[in-house]
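Q: Residue strings, one per chain:
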Amino acid sequence: MSVAVAVYDAVQEASAPASEAGPAPKRIVVAYGFWIFLLSDVVMFSALFAGYAVLVRAIAGGPAGIQLFSQSSVALETACLLASSYTCGLMSLAVGSERRSVTYLAAFATFVLGAAFLGLEIREFADMVARGATPQRSAFLSAFFTLVGCHGLHVTAGLIWLAVMMAQVAVKGFRATVQRRLQCFALFWHALDIIWIGVFTVVYLMGVTP
Amino acid sequence: MTETRHDRAPGDASAPSEPSSVLVYTTGLLLAVGLTATSFWVANTSLLWGPGVALGLAVLAIAQMGVHLVFFLHITTGPDNTNNVLALAFGILIVFLVIAGSLWIMTNLNDNMMLSPELMDLHMQH
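Same order as they appear, the protein sequences are chains A and B.
Going by my numbering, the first sequence opens with residue 1, and the numbers climb by one from there.
Going by my numbering, the second sequence opens with residue 1, and the numbers climb by one from there.
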C-alpha cells in the first residue's frame with residue numbers, strides 16, 4: 001500500500017506544472033540559449049542564401065557555376081562534414097558517460113574530418129581564383145564567396161573551439177562547465193552540417209543542373 | 001524525476017545512458033548518406049524530367065535537414081521539447097520570410113526595371 005502511495009506521489013511530482021518546478025538546471029538553460037543563438041546564425045545564413053539566389057544569374061560575362069564547380073570535390077567535402085558530424089555525436093555520448101579516451105578519439109576524428117573539409121574548400125577556392133574567378137569578377141562570384149566562405153569561417157571557428165575544448169578536458173577534466181561547453185560545441189557542429197546541406201544543394205547541385 | 005519536469009536541452013538524447021544512443025546516430029548517418037547520394041544522383045541523371053529536378057533537390061535537402069534535426073540534434077515532438085520546437089519554428093518562419101521575400105521582391109523589381117529598347121536608347125542619350 002505504501003509503495004503504491006509513493007509511486008503515486010512520484011507521478012504527481014513528475015507531472016507538476018512547469019510554473020511550480022523551479023528554475024531549470026543550468027545545462028538546460030545554457031543549451032537552450034545556445035540553440036537560440038544558432039537559430040539567429042541560421043537567419044544570418046538565410047540572408048546570404050537569399051543574396052546568392054538573387055545574384056546567381058548576374059555573371060557579368062564571367063564564368064558561371066557550371067564551368068567552375070567540381071562535383072567530385074563537393075561530394076568529398078560533403079562526406080567529410082557528414083562523417084565529422086557523426087563522430088561529433090559519438091563524442092557527445094562519450095562525454096555524457098565521461099569516457100576520456102573515447103572522447104579524445106572521437107574529437108580527433110571530428111577534427112581531422114573537419115580539417116579535411118576545410119582543406120578541400122581552400123583548394124577549391126584557390127583553384128577558382130587561379131582561373132580568374134575572384135570575388136571581384138561578378139556579383140554571382142561575390143555572393144558565392146560570401147556564402148560559402150562564411151560557412152568555411154564557421155568551420156574554422158569550430159575547429160579552434162574543438163581544440164580548445166580538448167585542452168580543457170585534458171586540464172580540467174569532465175567538470176560541469178566543460179561538459180556544458182562541449183554540449184554547445186556539438187550543437188554548433190551539427191548546425192554547421194545542416195547549413196552545408198543547403199549550400200551543396202542550392203549552390204553546387206542546382207548550379208550544375210541546366 | 002526532476003529532469004522530466006523541465007524541457008529537455010537541445011541536443012540531449014532521450015536517455016543518455018542507453019546503449020541504443022549510438023544506434024540513433026548511426027541510423028541518422030545512414031539516412032543522411034542515402035539522401036545525399038540521392039541528391040547527387042538526381043542532379044546528374046538524365047532519367048528524370050529536367051524542370052522537376054530543382055524541386056526534387058529542394059525536397060531531398062529539406063528531408064535531410066529533418067533527419068539531422070531528429071537524429072543528431074534530437075529535436076522531437078515530445079512535451080519536454082516544446083521550447084526547442086517553438087524556437088525552431090520561429091527560426092524557420094524568419095528564414096522563409098527572408099528568402100522567399102527577397103526572391104519575390106527582386107524578381108518583381110527586375111521585371112519592372114527592364115526598359116524596352118527604345119526607352120533604353122533615350123536613356124543612353126541623356
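Just so you know, the hints here were simulated from the structure itself, not pulled from any lab data.
Note that the structure is predicted; figures quoted are calculated from it, not measured.
Careful: at least some of the hints might be erroneous.
Going by beta-carbon spacing under 7 Å, a handful of chain B positions derived as facing chain A [stated by the list, open to error]: (1) P10; (2) P51; (3) F72.
Just the calculated beta-carbon pair ranges, DEER-fashion [claimed, not checked]: (4) A:S101 with B:V33: 24 to 34 Å; (5) A:V112 with B:A37: 42 to 52 Å; (6) A:A176 with B:G78: 23 to 33 Å; (7) B:V85 with A:G61: 20 to 30 Å; (8) B:S46 with A:V178: 48 to 58 Å.
Glycine included, C-beta positions come from ideal geometry on N, C-alpha and C.
Q: Against each hint, give a clear statement of whether it holds in the structure.
A: Quick rundown of the hints versus the structure:
Given the 7 Å rule on beta carbons, the hint for B:P10 holds: about 4 Å separates it from the nearest Cβ of chain A. The interface hint given for B:P51 is violated, since its Cβ lies 10 Å from the closest Cβ of chain A, which is over the 7 Å cut-off. Look at B:F72: its Cβ gets to within about 4 Å of chain A, closer than 7 Å, so that hint holds up. For A:S101 and B:V33, the hinted distance range of 24 to 34 Å is satisfied, since their beta carbons lie about 27 Å from each other.
Our hint of 42 to 52 Å for A:V112 and B:A37 is violated, since their Cβ atoms are close to 23 Å apart. For the pair A:A176 and B:G78, the supplied restraint of 23 to 33 Å holds, since their beta-carbon distance comes to about 25 Å. Between B:V85 and A:G61 the CB atoms are about 47 Å apart, so this pair departs from the stated range of 20 to 30 Å. In this structure the supplied range 48 to 58 Å holds for B:S46 paired with A:V178, their Cβ-Cβ distance being about 52 Å.
In this structure, the hints that do not hold are numbers 2, 5, 7, in rising order.
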